[in-house]
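Since the structure of chain A is already known, use the hints to place chain B on it.
2 protein chains.
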Amino acid sequence: MNQDYIQPKEWSIVEEGFEKDRVKSSESLFSIGNGAMGQRANFEEDYSGDSFQGSYIAGVYYPDKTKVGWWKNGYPEYFAKVINAPNWIGIKVVVNGEPLDLNTCLAVSDFRRELNMKEGWYSRSFIATLPNKVQLHVKSVRFLSLEHDQVGAIKYEVCPKNTAAWVEFIPYLDSGITNEDSNWDDKFWNTTQVSSQGRQAFIEAHTMKTNFKVCTFMETMVFYNGTLQTTLPKETLSETLALHSYKKELKKGDLFSLHKFGGYTVGVSQKQTDLREVAKTVLQKVAHLGFDTLLEGQKKAWANIWAMSDITIQGDLKAQQGIRFNIFQLNQTYLGKDSRLNIGPKGFTGEKYGGSTYWDTEAYCIPFYMATKDHKVARNLLKYRYNHLEKAIENAGKLGFSNGAALYPMVTMNGEECHNEWEITFEEIHRNGAIAFAIFNYYRYTGDYSYIPEMGLEVLIGIARFWQQRATFSAHKNKYVILGVTGPNEYENNVNNNWYTNYIAQWCIRYTIKQLHKVKDGYPEDYHRIIGKTSLTDREITAWSKVAKEMYFPYDEALGVYLQQDGFLDKELIPAHKLPKKDRPINQKWSWDRILRSPYIKQADTLQGFYFFEDHFSREALEKHFDFYEPFTVHESSLSPCVHSIQAAKLGRMEQAYSFYLRTSRLDLDDYNKEVKEGLHITSMAGTWMSIVEGFGGMRILDDKLSFSPKIPSQWQSYSFKVNFRDRIIELMVTKEKVSFYLKGSEEMSLRVNGKRIVLLASQKVEVLLDF
Amino acid sequence: MNQDYIQPKEWSIVEEGFEKDRVKSSESLFSIGNGAMGQRANFEEDYSGDSFQGSYIAGVYYPDKTKVGWWKNGYPEYFAKVINAPNWIGIKVVVNGEPLDLNTCLAVSDFRRELNMKEGWYSRSFIATLPNKVQLHVKSVRFLSLEHDQVGAIKYEVCPKNTAAWVEFIPYLDSGITNEDSNWDDKFWNTTQVSSQGRQAFIEAHTMKTNFKVCTFMETMVFYNGTLQTTLPKETLSETLALHSYKKELKKGDLFSLHKFGGYTVGVSQKQTDLREVAKTVLQKVAHLGFDTLLEGQKKAWANIWAMSDITIQGDLKAQQGIRFNIFQLNQTYLGKDSRLNIGPKGFTGEKYGGSTYWDTEAYCIPFYMATKDHKVARNLLKYRYNHLEKAIENAGKLGFSNGAALYPMVTMNGEECHNEWEITFEEIHRNGAIAFAIFNYYRYTGDYSYIPEMGLEVLIGIARFWQQRATFSAHKNKYVILGVTGPNEYENNVNNNWYTNYIAQWCIRYTIKQLHKVKDGYPEDYHRIIGKTSLTDREITAWSKVAKEMYFPYDEALGVYLQQDGFLDKELIPAHKLPKKDRPINQKWSWDRILRSPYIKQADTLQGFYFFEDHFSREALEKHFDFYEPFTVHESSLSPCVHSIQAAKLGRMEQAYSFYLRTSRLDLDDYNKEVKEGLHITSMAGTWMSIVEGFGGMRILDDKLSFSPKIPSQWQSYSFKVNFRDRIIELMVTKEKVSFYLKGSEEMSLRVNGKRIVLLASQKVEVLLDF
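Order-wise, the sequence lines are chains A and B. According to our numbering, the first sequence holds residues -14 to 757 in order. According to our numbering, the second sequence holds residues -14 to 757 in order.
So that you can see chain A by itself, here it is in the shape it has in the complex:
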């Protein structure tokens, strides 16, 4: 049974009623972020119950010493951890000397949280009866500003309902925080200065080892029945704490309100400068604007985001809420301003997976950002890998490769590998393919070729070199084989000739050679620079070609399917739906060896290849492979349902496509995997977007042209989305009968609908009847 306490609303995530055992899940679900920082929905006031504290700063990490059972040569020395940053949201509330703590209150009623996705704020309200019987009405609103992305703002209001009472607000900063996830209980932060000046306070601290300098700051002010109180706060400073105090005797029904502006200035972007001075400038700006004006700005900024990225669904409230939640979280996590940043699997909502970059970015996230943002955002994601090319070459060197071969890490913060399972770190090498594919996909979608001569070709050369060296010539097969890999299906380790890996390796080499020719012809200066820099020779290219040409692919003639890997057919091929319920999910119920020798597939593997390279295969081949592999797929990765949803839609299996869609779009809201308290599955949310746009909408780029094959689940009346295709904004609305297009701008463009060419006139609506 999945969770169901989140109320279905078009634009909001709403929880009503206070339940202690939901606190950690809600802390994840109601998380807020602005691309530069993020914050779990921890309470501002003290809470002594079970909670998972998390404030995160983009790009600030700690290289935690690796923990392994048995060391293997080649293991990286550290596993990067996203770290819990100093707390800027805290506000202790003391009523007649007694602290407000929902865990110890006599009663809590009217508890309500709302995450307003349309406007980008989070609110909470409740009536609490403290142990001293004072009944307090509390309401808080907070948001992380998109316009001023170093800052968050909180309005915290209390009103004694049943009696007069002394109420003290103690807003504070706290750098004495810890990580839930720490291998050796190391201290991650070192605090150097705690200071306060008037309404402002600052904690300067730096991370151990990485030495990220961070100034955490706040400015606080209180209002009594709406009037700003001019008295300055009392301040208390200790080693890692800066507290302000405002105390007031309230009459029954009085409103006492605290506005708190807080956040971080960070050394990574403010080199050599006094971070406290920068913080003061920031605070001056936002405090001058005030909470309400800032909030107005926030609403406008989110309106701009939604104007381009919203997807509407009529007739299915849960589906509507699901897709908006996914789009909202993606925009909270990454906005593409800084090519040093990337998209962690949990975004700013938890510590799991170390907040590092995985192949999720290239395989799942880039399409979303390409279609809903300016192409520079996706370009920044590509540039991130270009900037890490040196490290990828070093990484390959550590594993014994040479001559500029590049192996991008499975998990990284700064380009270095920081995962510590040999079967993943050393063997899940298909990630290199996804990085090359993203370069291809970026050009295919945006039409911006410039990235390739400027940067991409060097990345491609490193990757092609790797594949050529990693392949082995099997005299026995008279073919090149790729031994000892882990495919996207991580329920197989150290297999030979994973079809997906072999296929993408071959593709990478061929694509690289094509780009070499294209750059040579079109960008001779870049070409010569790159050849000089990489010392690439014709002989080497010949060796690559040979590997690509003579690559081996496991195939079964009788079934007519490519095999996930050598020997796949030796398994006991019992479909997953026949497994007893008590055995699911197998990754929690089965021993690892049992999983490994089973046929069960964690996420699309062979089918991932059919997704990336759909146009290399016939519809019949897709159908055959889908029918062969999907029944063994247990979808125990959040990245699994979206690809299958797209393929089911392509095959016209709309019920199945819809069921996969629900699973991906409400994965966290309904907590399918019973782990939402650890954080949200951010990267798979981009897969949800793909399920609609590529799955139901059938968007493809075919022969350099935009193309759609729209379908609609029977549960929906209509749905609509916009895409930015090469700086043209096209809006689609799909109903059961027709699809209507609206092209913004002043120039016409042509596209294909179900294979037929249509022309969209500028700023006009065009309707096409769907023939089903």
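I should point out that these hints are in silico values taken from the structure, not numbers from a laboratory. Heads up, the beta-carbon is just placed ideally off N, CA and C, and yes, glycines get one too. Please note: incorrect hints may appear among the correct ones.
[As the list claims (entries may be wrong)] Label-pair ranges, simulated between beta-carbon atoms:
#1 B:T89 with A:E224: 41 to 47 Å
#2 A:S387 with B:H601: 53 to 59 Å
#3 B:R569 with A:E557: 23 to 29 Å
#4 B:D170 with A:E224: 24 to 30 Å
#5 A:S180 with B:R569: 56 to 62 Å
[Unchecked claim] Calculated lysine to aspartate or glutamate pairs in the EDC-like style (CA-CA distance at most 16 Å, straight line):
#6 A:K723 with A:E752
#7 B:K462 with A:D277
#8 B:K383 with A:D568
#9 A:K383 with B:D568
Chain B in isolation, oriented as in the chain A frame:
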């Protein structure tokens, strides 16, 4: 370059000259043990230089919480650790107020260590110039008594050479010791009482978690120029220390001598009793005998061991020293008195591999103990596994097997698995086969069938059940396959159809079915008891038979060899001798993935099958497989050279056999693997013995008869050994021309030499000419 500081001597291991960087290696090489306890050759006096302290008590371990990178379902919670026990050997020596410490002395000359293997003692002598210029002649002798196996004795003598001096002996006990190997820096020991009474002192302590109770004790006395001093020592007690002090003003040339008796009484064998009282009784006995008498007893006890187990080699001093060192260490480690004990890979010489039991015992050690001891010793080793059958069934249950299937652990102390790499723990399942093979081998050699109806058959049933459940029917191959295993060659992980594993699985099932019939016919009561206990049905046996009958074996027709596993021929088959020297050993120089996809073999894998089941295959088949696999074998396991030596000898390749022999017999003395400081390779020492007896001597049991095919390396003039075959002692002497046999006792027996039957008359020498 291997180390070469150990002087070649027939009966001794001798080191001359003091070199600080050899201290840890020598601490391993000069280790002493008596089956019940063991002691690295740590100095008695203080030493501030680099040292690895180790005192070990058989069977006393600590379940250290497992350390893993990523937890996998099925991992055991702890990794058993052999633990450094309280120090009983320590003697501080203070000269004119200054402690003797070889690390800080102005000069050390005439330093000499000797491990006298013939008589079972270890001595050390040197002349040290202390910082205060006093020149001290020191001599110590120590041994662990075979007769009184809770006790060791030390005679420690000093003589000031250049001046009169005050000398203080401070013999002590110390339970404030630590482990080098500890995952979480846990405290392993808890000391409950420290006491002293006259010349005796005691520390009572117990291990954390496992609660082994240990009383460490000592009795001390001093002699001045040979005269026992009657003054009692001054005593000082602290939380984990008990010190005695004897101080004396010595004239130049005086001899001051300390006798110390010490050791442990252990709760595991003295349940419910007062361990201090037991210690007092023990001390009373040995102190009454005195050091010299005890030492005489030690010499006699070792003479008895050697009388049966010695191997002589004429014409090759290093080979002679090597084999005696191996036999000596095996006897120091395990004497077969207690079926709760087993043979750790490092014996009592270090902490590595946790001191736990591996398949080494069954595959390598049992033949040595069968041939050089009463058959009860090997029977105790078999009984050890019978006692762990319940745990093996539990262990299989944790991995998803049922109905009494047993998977013996890869590493264990008490029958529970305690290893933590999935590729070993869950997949190196061939160990189950070695345990069944040892049962077969025990009966084949000793002729004692009684073990099988009494205990062995139940073990076999559990193992057969496991194999039947672990095999998978491949519809594709129309055969049973065994997927996802690690063979003896641990440089391959998660492979399919490891030939050795499939072969031994098939053999186990067939052997079990044969024993079921045999026990049914010959031991009907046992049979009914066992069938009742195991609920074994005919239907189940039919299922076993089917798996055995239809087992798949990877085979290459063109080469005419069984393949180590599916896909082996896809590798780049470059012989190991072509690898650049800088790449060796590959387990130190290569990343793990590179090792995995290479063809290189850590230790005999397919050839291990040809070793166990030699008579299932023709000589030609052996030759073909040896010629195919040995060139890829890097012998980076200590267990590798012996099997290859035996097979090379069988194939008449005496130079190769000899070279493997030297490598196995002097592995530690010459430190081939650059790790002797971590401890000795005890279990592979049994392999050394096999290299001579089965390799050069060609000993086999064929059709229930003892058989030999003696050969001799060209470097040797002759060699001799004895074997106990079914309580008959046969001595062989092999020269270049002939082999002579001598049969002890009063009855004749027949055996085969090079296939021809000969009859040995009782107590008579029989000579057979060798025709090469």
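Verification of the hints:
no.: 1; hint: B:T89 with A:E224: 41 to 47 Å; in the structure: holds (43 Å)
no.: 2; hint: A:S387 with B:H601: 53 to 59 Å; in the structure: violated (45 Å)
no.: 3; hint: B:R569 with A:E557: 23 to 29 Å; in the structure: violated (41 Å)
no.: 4; hint: B:D170 with A:E224: 24 to 30 Å; in the structure: holds (27 Å)
no.: 5; hint: A:S180 with B:R569: 56 to 62 Å; in the structure: holds (60 Å)
no.: 6; hint: A:K723 with A:E752; in the structure: holds (7 Å)
no.: 7; hint: B:K462 with A:D277; in the structure: violated (72 Å)
no.: 8; hint: B:K383 with A:D568; in the structure: holds (14 Å)
no.: 9; hint: A:K383 with B:D568; in the structure: holds (14 Å)
The structure shown violates the earlier hints numbered 2, 3 and 7.
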